[in-house]
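Enquirer: Sequence:
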Amino acid sequence: MIVSLVTGINGFVGRYLGSHLKRKGHYVIGTSRKGEMHHDKCEYADEIVLIKDLSNYEEVKPILLKKYPDYIFHLAALSNVARAWEFPEEAFRSNVLTTVNLLNVAKELPKTRIITVGSSEEYGYSADMIFPLNEDSATNPMNPYGLSKLNVSYLAQQYHKAYGIDVVHVRPFNHIGPGQQNGFVVPDFASQIAEIEKGIKAPILKVGNLNAQRDFTDVRDVVDAYEKLASNGVGGEIYNVCSSRPIAIDEILNLLVSYSDVKVEVVQDPSRYRPVDIPFYYGDNSKITNSIPWKPKHSIEESLLEILNDKRTSYKKMV
Numbered sequence: 001m002i003v004s005l006v007t008g009i010n011g012f013v014g015r016y017l018g019s020h021l022k023r024k025g026h027y028v029i030g031t032s033r034k035g036e037m038h039h040d041k042c043e044y045a046d047e048i049v050l051i052k053d054l055s056n057y058e059e060v061k062p063i064l065l066k067k068y069p070d071y072i073f074h075l076a077a078l079s080n081v082a083r084a085w086e087f088p089e090e091a092f093r094s095n096v097l098t099t100v101n102l103l104n105v106a107k108e109l110p111k112t113r114i115i116t117v118g119s120s121e122e123y124g125y126s127a128d129m130i131f132p133l134n135e136d137s138a139t140n141p142m143n144p145y146g147l148s149k150l151n152v153s154y155l156a157q158q159y160h161k162a163y164g165i166d167v168v169h170v171r172p173f174n175h176i177g178p179g180q181q182n183g184f185v186v187p188d189f190a191s192q193i194a195e196i197e198k199g200i201k202a203p204i205l206k207v208g209n210l211n212a213q214r215d216f217t218d219v220r221d222v223v224d225a226y227e228k229l230a231s232n233g234v235g236g237e238i239y240n241v242c243s244s245r246p247i248a249i250d251e252i253l254n255l256l257v258s259y260s261d262v263k264v265e266v267v268q269d270p271s272r273y274r275p276v277d278i279p280f281y282y283g284d285n286s287k288i289t290n291s292i293p294w295k296p297k298h299s300i301e302e303s304l305l306e307i308l309n310d311k312r313t314s315y316k317k318m319v
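Per full-length UniProt numbering: the sequence shown = residues 1 to 319.
The reader is advised that the hints may include incorrect statements.
Once the Cα atoms are required to be at most 20 Å apart in a straight line, the calculated SDA-like pairs of lysine to any residue come out as [to be verified]: (1) K67 with N56; (2) K198 with K316; (3) K61 with G164; (4) K161 with V234; (5) K66 with N56; (6) K297 with S244; (7) K206 with D277; (8) K52 with E90; (9) K206 with S231; (10) K287 with K297; (11) K22 with V49; (12) K228 with S244; (13) K107 with N56; (14) K206 with R220; (15) K206 with L255; (16) K295 with E237; (17) K201 with K66; (18) K206 with K228; (19) K263 with K297; (20) K61 with R33.
Don't read these hints as lab results, they were simulated from the structure.
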């Protein structure tokens, strides 16, 4: 049986990845900072191990050597851009130092493949950028989070070249799905609509910049890509995980509103605007689709409806 270890398994993507791997027949070990969880209490892992601090090499090493997984999916990270601006040292400790520890332990795990998870934020932005962005596009991170993830990609490539570590680096663009917490544009819109439907708030939908265009992929397609890259990707390589289809935020909003019978007033909220907002951003997925048997299966319409229904269910439980 394939043994897969997933750091950050209790997060949004981690739960989906753990469940996906279990369906594929993997024995899934998740790491948690919050204590032991028996397998019969967790739908997305067979075993949860306690690692209070992934940046502590002496704590990480004995656990990985004991478990000796076939695959390590490194999802644990500080992924909030605003928090990374406020605490850049935390971003580098959580994202970069944890990766260094896993790569160093991997020197003693020659049969283990590591999937390091980066971000489209590694590319950043420059006026002369050519879209769609591919894996060879120039990188110019615009925030500490993107910079920390770019360092992860450099480390993955250097450890592969210097020590022969079997590591694949992924750069996911925006991903969405049921269960995603508020603080991201799609669940924020869906949550407001669900609140209006339940009469919890007035029929006013607050929005930021609706003109921006982004590349969204359903989280279930994202974790499918991770699993297939673990088994079929090329070590030392970087792969974009994206839809290759830009969609305007106002189209996202219009689709969500169309799934509801409530009448809403859309109001611009200055607090929802970013200080610097890139107008147009999407990736090229041709490398991954030409390399492994993967392509996105979930349409944006399907994903949005499921997200809205998930928020509706959440508010039903609260009332």
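Enquirer: Now tell me if each hint is right for this structure.
Expert: Do the hints match the structure? See the list:
1. Straight-line distance between C-alpha atoms of K67 and N56 comes to about 17 Å, which keeps the hinted pair within the 20 Å bound.
2. Between K198 and K316 the alpha-carbon distance is near 8 Å, which keeps this suggested pair within the 20 Å criterion.
3. A hinted pair counts as satisfied when its Cα atoms are at most 20 Å apart, and K61 with G164 qualifies at roughly 19 Å.
4. Taking the CA atoms of K161 and V234, the gap is about 13 Å. The hint holds against a cut of 20 Å.
5. For the hint linking K66 to N56, the alpha-carbon distance of about 16 Å falls within 20 Å, and the restraint holds.
6. Distance hint between K297 and S244 is fulfilled; the C-alpha atoms sit about 13 Å from each other, no more than 20 Å.
7. Restraint check for K206 and D277: satisfied, since their Cα atoms lie roughly 17 Å apart, inside the 20 Å limit.
8. For the given pair, K52 sits about 15 Å from E90 by alpha-carbon distance, which is consistent with the 20 Å threshold.
9. Between the alpha carbons of K206 and S231 the distance comes to roughly 43 Å, so the proposed pair goes past 20 Å and is violated.
10. Taking the CA atoms of K287 and K297, the gap is about 17 Å. The hint holds against a cut of 20 Å.
11. For the proposed pair K22 and V49, the alpha carbon gap of about 17 Å is at most 20 Å, so the pair holds.
12. A hinted pair counts as satisfied when its Cα atoms are at most 20 Å apart, and K228 with S244 qualifies at roughly 18 Å.
13. Distance restraint check for K107 and N56: the Cα-Cα separation of roughly 17 Å lies within the 20 Å cut-off, and the hinted pair is therefore satisfied.
14. A hinted pair counts as satisfied when its Cα atoms are at most 20 Å apart, and K206 with R220 does not qualify at roughly 28 Å.
15. Using a Cα cut-off of 20 Å, the hinted pair K206 and L255 holds, with the two alpha carbons roughly 16 Å apart.
16. Between K295 and E237 the CA atoms are separated by roughly 18 Å; this keeps the pair inside 20 Å, and the hint holds.
17. Using a Cα cut-off of 20 Å, the hinted pair K201 and K66 is violated, with the two alpha carbons roughly 52 Å apart.
18. In summary, the hint linking K206 to K228 is not supported, as the alpha carbons are separated by about 39 Å, beyond the 20 Å threshold.
19. The hinted pair formed by K263 and K297 fails the criterion: a straight-line CA distance of about 31 Å is larger than 20 Å.
20. For the given pair, K61 sits about 15 Å from R33 by alpha-carbon distance, which is consistent with the 20 Å threshold.
This entry does not satisfy hints 9, 14, 17, 18 and 19, going by the numbered hints stated previously.
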